[in-house]
Amino acid sequence: MKEVQFKLPKKPKLIRIESRTSKKEALPPPPWVYPIGWPDSNFLWNFTPFPLAFSLMPSRAISDTRLSRNDLRVLGALCCYTSPKGICFPNQSTLASHLGIQRPSVTKAISRLKGFGYIRFLIPKGRKHPSAIKRGNRYQILIRGDEKLPSDKEGEILVTE
Numbered sequence: 001m002k003e004v005q006f007k008l009p010k011k012p013k014l015i016r017i018e019s020r021t022s023k024k025e026a027l028p029p030p031p032w033v034y035p036i037g038w039p040d041s042n043f044l045w046n047f048t049p050f051p052l053a054f055s056l057m058p059s060r061a062i063s064d065t066r067l068s069r070n071d072l073r074v075l076g077a078l079c080c081y082t083s084p085k086g087i088c089f090p091n092q093s094t095l096a097s098h099l100g101i102q103r104p105s106v107t108k109a110i111s112r113l114k115g116f117g118y119i120r121f122l123i124p125k126g127r128k129h130p131s132a133i134k135r136g137n138r139y140q141i142l143i144r145g146d147e148k149l150p151s152d153k154e155g156e157i158l159v160t161e
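Just so you know, the sequence shown maps onto residues 1 to 161 in this note's numbering.
Accuracy of the hints is not assured; some may be wrong.
[Unchecked claim] Restraint ranges, calculated between C-beta atoms of paired labels, are given here:
#1 69 to 3: 51 to 57 Å
#2 149 to 100: 29 to 35 Å
#3 144 to 103: 25 to 31 Å
#4 70 to 136: 19 to 25 Å
By construction, these hints were calculated from the structure, which means they are not laboratory data.
Glycine is no exception: its CB is placed at the ideal position from the N, C-alpha and C atoms.
Model the full structure from these sequences, guided by the hints.
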């Protein structure tokens, strides 16, 4: 009887692309596309895309037939960045890369969520970055829909069409 030897497959290399050489070059794959738990128990921890393991999301959004799939995903992603008062300020490009969609789709979903009463635009705090055109966006997630502003010092950006 002939002895058969088995070779274990080589460990694949995981390469994270930190910077792009051109704007038209494709973005790297989102960090959560790699197998869970591979090669060790710390693997998933190293590639967690959002700052929290769970978040609070308005349950009324689940049964709202006006919301599209992208609207729900963007709302869920925004909720992953919220403070205890429901305030968040993630970059739209960051949300797009986490969700695997284009930035204009995130912008459209955010404006729809504002129109349906799931989020509120707050006045940005702090100074803008020297290379930025304007300060970043700040949102308040409206869990029940009738929440007051988080504090007396806060202001809402009213969008008129």
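The hints, checked one at a time:
no.: 1; hint: 69 to 3: 51 to 57 Å; in the structure: holds (54 Å)
no.: 2; hint: 149 to 100: 29 to 35 Å; in the structure: holds (33 Å)
no.: 3; hint: 144 to 103: 25 to 31 Å; in the structure: holds (29 Å)
no.: 4; hint: 70 to 136: 19 to 25 Å; in the structure: holds (21 Å)
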